[in-house]
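4 protein chains.
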Amino acid sequence: MTTSFTSIAPQLEAQAIELPSWAFGNSGTRFKVFGTPGTPRTIQEKLADAAKVNELTALAPKVALHIPWDKVDDYQALRGVAADLGVELGTVNSNTFQNDDYKFGSLTHTDSAIRQQAIDHHFECIDVMDATGSQDLKIWLADGTNYPGQGDLRGRQDRLADSLEQIYARLGDDQRMVLEYKFFEPAFYHTDVPDWGTSYAQVTALGDKAMVCLDTGHHAPGTNIEFIVMQLLRLGKLGSFDFNSRFYADDDLIVGAADPFQLFRILYEVNRGRGFDADSPVAFMLDQCHNVEDKIPGQIRSVLNVQEMTARVLLVDTVALTAAQNAGDVLGANSILMDAFYTDVRPDLAAWRESRGLPADPMAAYAASGYQQEIAAARVGGQQASWGA
Amino acid sequence: MTTSFTSIAPQLEAQAIELPSWAFGNSGTRFKVFGTPGTPRTIQEKLADAAKVNELTALAPKVALHIPWDKVDDYQALRGVAADLGVELGTVNSNTFQNDDYKFGSLTHTDSAIRQQAIDHHFECIDVMDATGSQDLKIWLADGTNYPGQGDLRGRQDRLADSLEQIYARLGDDQRMVLEYKFFEPAFYHTDVPDWGTSYAQVTALGDKAMVCLDTGHHAPGTNIEFIVMQLLRLGKLGSFDFNSRFYADDDLIVGAADPFQLFRILYEVNRGRGFDADSPVAFMLDQCHNVEDKIPGQIRSVLNVQEMTARVLLVDTVALTAAQNAGDVLGANSILMDAFYTDVRPDLAAWRESRGLPADPMAAYAASGYQQEIAAARVGGQQASWGA
Amino acid sequence: MTTSFTSIAPQLEAQAIELPSWAFGNSGTRFKVFGTPGTPRTIQEKLADAAKVNELTALAPKVALHIPWDKVDDYQALRGVAADLGVELGTVNSNTFQNDDYKFGSLTHTDSAIRQQAIDHHFECIDVMDATGSQDLKIWLADGTNYPGQGDLRGRQDRLADSLEQIYARLGDDQRMVLEYKFFEPAFYHTDVPDWGTSYAQVTALGDKAMVCLDTGHHAPGTNIEFIVMQLLRLGKLGSFDFNSRFYADDDLIVGAADPFQLFRILYEVNRGRGFDADSPVAFMLDQCHNVEDKIPGQIRSVLNVQEMTARVLLVDTVALTAAQNAGDVLGANSILMDAFYTDVRPDLAAWRESRGLPADPMAAYAASGYQQEIAAARVGGQQASWGA
Amino acid sequence: MTTSFTSIAPQLEAQAIELPSWAFGNSGTRFKVFGTPGTPRTIQEKLADAAKVNELTALAPKVALHIPWDKVDDYQALRGVAADLGVELGTVNSNTFQNDDYKFGSLTHTDSAIRQQAIDHHFECIDVMDATGSQDLKIWLADGTNYPGQGDLRGRQDRLADSLEQIYARLGDDQRMVLEYKFFEPAFYHTDVPDWGTSYAQVTALGDKAMVCLDTGHHAPGTNIEFIVMQLLRLGKLGSFDFNSRFYADDDLIVGAADPFQLFRILYEVNRGRGFDADSPVAFMLDQCHNVEDKIPGQIRSVLNVQEMTARVLLVDTVALTAAQNAGDVLGANSILMDAFYTDVRPDLAAWRESRGLPADPMAAYAASGYQQEIAAARVGGQQASWGA
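The listed protein sequences correspond, in order, to chains X, H, L and C. Residue 239 in UniProt numbering is what sits at position 239 of the first sequence, and the numbering runs on without skipping anything. Residue 151 in UniProt numbering is what sits at position 151 of the second sequence, and the numbering runs on without skipping anything. Residue 243 in UniProt numbering is what sits at position 243 of the third sequence, and the numbering runs on without skipping anything. Residue 88 in UniProt numbering is what sits at position 88 of the fourth sequence, and the numbering runs on without skipping anything.
Hints were generated in silico from the structure; no laboratory data involved. Certain hints may be false.
Note that the list lumps identical chains together, so a pair holds whenever it fits in one copy or between two copies.
[As the list claims (entries may be wrong)] List of simulated lysine to any residue pairs, SDA-like, C-alpha gap at most 20 Å:
id, residue 1, residue 2
1, K32, D339
2, K32, S386
3, K209, D130
4, K209, Q11
5, K32, W387
6, K32, G388
Let the sequences and hints guide you as you build the complete structure.
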């Protein structure tokens, strides 16, 4: 017997998932980036699209920025644009992988001038945060090497520690740094922050305002990600999530698309570790690439997937589960979990959405809204946003 | 006791490894493509660079073309340019992944007009082959889907078979088709030719002129590639190799860079299956991306790696090995193989190169040649070649 | 809108999943095999347990035998025992991995006497099939090597082909051979039948009565198994399934336990390729190890998982799916699939079971039956069945 | 130009690699354990075999014990036996995976009585250490679950922390605890110490005498192990190595057999991080299973592999390497590393061994010694040692 939907609704109401501005631009693989009609040319247009997602779902009140892709002259003004659209500016993401100077590293570089340049870029990001009121500086580092011997792994790690220390020192009292780890790509032999252990050791050395960012697509094949979620919550160091899903590498597919049951297990550990609590330090965010599917409905689908799976997780009869676990009842315990996973929460969610003045089916509502046709007609000319700009 | 170097020299003399024209252009990841001074702007400049590799190593007499990247008006003229440089035009590679029409497939597309366009592109490639005298049409298909349900796996496979049949029918008597398989990328949920079994089943259905192409980077983690080499040679269907190496995905690193012992085992099976024989149907080729290292010396290093490893393989005492295998002497058999692997063949190879009028150390000879400085100075302006052009 | 349950019931009624006799014995890892009260000591007791599964589910009318584990003097008598219990004897599985002679191979061995012994064992299995009326001889070969050089991959493959030919020749008109492939284990460097391509090439060389057996746990990490299902059905060579699930290696967990959505996709392709049709050549079977969970409810849970997932697959609106696929509507097509996956089929299935005189909840019915307590009390003394006996 | 052999000989002379007593017993897979003539029946016979390895190589002065497999009444006496054979007793390994009580966990168990039993077992191991003079208590924990929901990941981790704390408190001033991590097996869904991050977080919470044990076979596919070596040395927490090699899972093959270049890179980072220094806290040890190859020569081959690869690593021209790294010379830096890797150190090592009164070729010396024939003749009757006893 799972818990009743009514009892979990308040928790669902508090759910918020930050959207990445870049998900609304074009993206692709090294082989090809396909364009699509209606793709935003500016951060203002990206915000408009993100606001549409929030309007239809009430799940996505914040939009993460990527610097320099979303660079503007006046961040106060941008904050106003967002506010007018009903959203806030969220996490600021730095970029140290597209400047020619960073071919052999940024925060880890042997050349102190280039390393300083990368540190300065993060200072600039903190300035942006000051202007936007953003809480988090997210650092995903593309640094690494392609061939054994190309770099000195140890020296690079030491320089990384020093660079992070300098950036950390610049953070305001209410600001945080989240350090993302990634198994591989774009570097192929070694990556300077390849696993949660490295991110954890680095942020622990910095202090309380530094936390780990877990991207669900950044692990070796077969890794038990929910275990890491549990461990980081237990250690008090899970700062944020980048949601997406993967079959092979960092596929950046829609969260829940590749292995819905894995998403269920991950969110179960979030809840078990009180990551959904009001005072939880965990920020939830999407990080995805809509290479072949439509971007706005891709984002809507994603936040709905997280919402639906959260509902299933909250339905788990944890009292019965604990009893079965303590009794060594393997099949019983497993079936309590599966019972919640297999429960169809969609009708209850649809009704509940309507009761809150939201469309029962946000995907259908988007399709019916005409917004896609509008932007396709309006956004003609200019340079469609992508990772390159 | 390994075999003597003298006895294996004649086999080494016959070795030829085709170079890919695109290895001389810029390449990168979805995050960034770094440019480098001296990068060719045209196929003619690519041929010049390839010819340099061959001049210093006598290992690379052919250059593979990629259509449309290497498209020219007059292929007869291009053939002449190559001949003047001391090389030949080799395999013709088709491209069905960069046209906007191919977003959802090419040879597998549900839309018969788009599918015909992709078939026609291969007809055009065969026309190029007629003009260049190339033997092989290589088909690597980016077709696949990113989400379960996006496509009908079965229907796509059937349309692929039909498309290949039409292309096959156009081949001349001395022309072949080689069908490459790849585990994943650029598609993330399914790929239409993901494994050797699929390629084998498809080419077997076509006839004797269709063969499998094995790219050493296109397998699932942990796959025993030398077993596949053995099996395809045994079945008479190994048409060609694309050499490179990988740590994670399709990293396209220098062959032998990631796991030299794996390269040794692969080449051992090539030799065991008579793939080095004069009448062998196996074409050897590089397929690499020099993202952060210099391109021309990257290619020199690659063909030298194959040559050095071939020498080690030829040194294996196969009589003693067979005896140990039949005796169930696990450690003895393994040590016979390892003995050859650990033999330092470099001094003998250097002396032998000199005896043939080649530089003892082609890497050093290239560095000393001033060629890199020359092209860096000369190739200013224009558009550096990359996958995009 | 998914299809209605009523319309799919007839197809569900025809479903049959063979149980492996060894699932009722103890199993474990190289570290430990845990015993449990009530574990069968004989094949007759295994049949009784299997019959219990069938009694409560009407899904498991056949029991596969493993020779020599299930060896008896009188197979006709055993057939009678089964019939009295309401089940039939099914697939006969050979065993060439536990005899000391097979340390370095069986059907691939260099020693012709040992190879003949392994061939003779299969002749003996065919004799058993003649007596039991079994249709299928299943060959899973543990042959392989642990170290490079230990064996001659090519020679072993050729001897395998010859051995299989001799066994194939002995098959009766209504008998089949199914050749199972496995990525690795118990051999660690190479396995003689490691992938579907090898099994396909070997059985194709034999003739129509030889087919491929696909065990869902026997693939490299990340392999798209449903693609292989599609391909083998398309090629007319999918003979049988061994269902189970895996997180890492050949974990042999309960089917659907690790990745339910993968099971959904696999069964979707079975249906797409007409593998559920009455005249389909595909035999469905479990192959699992209940190391820590109870065995009989483990088997009940497994067949129910297959049944529930089959129901979800049959609910897919294939007409709408095809339309969305042809329109390039990625999100639409995916959501039609997911709609069926997320449908809770359990209430309809429970009612339908009751309408057929079966318990609505077979797991609960088993727990209430007292059978477990009965066998725990009765089966005292003797040697509990396991892989060793 | 690599460094000269003469200059590295002193470092090689100090090398010591501990042997595991269990490597001399029989081992296998869940499918079969093959016996071999001459296999020890007792820990005394295992010590004799280990002493033979050390006699011929001077590389293996210590032997690790496994409790209860190597349990004796009088450890002082055993210490004397070892001393008479010219070896010492080394690391003590606990075992919490073969008692029926540990089916659902040991140091993590929900039942406090069973958990106390597991803690007490470690107290007993510390008593053994007191008697044998062993420095290290090695804990490899088989604890984990097979099905989602079976256990509470968080609660288990907390109980693990508490159990380790109690054990840690019992350690003497000169004793250490090393906590091994393992990706998977024998548990299939989750393992309580699955990665270096978990081991690091747990031992850091304990204190200076607790360190991480890195087993080279215990990582996800594709993991860059040398990076972890670098990181743990940098963090001062690399306590010990378990050497072996793997193609797929925890294959426990001879170290250096599967990927010699990986061993080279790992040992390079050991040297880079001063792990070979006299005052280094790193203990080197083998942990292998000789399933199909002879055990004593298997161990000789293993220590020689480590010695040969260490020699190659010490030959690296680190000054030139650093210069190339700082210059961004990717190919140059890589080739400095490869130059050492491809150097054939075997002739120098053979001469050097002779100069120290050791056989030039320890493998040949063992084969010629007649020892294998002696033990095969002498060790008849009794129970051959294996994991079970």
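*Identify every previously stated hint that the structure contradicts and give their numbers, smallest first.*
1 and 4
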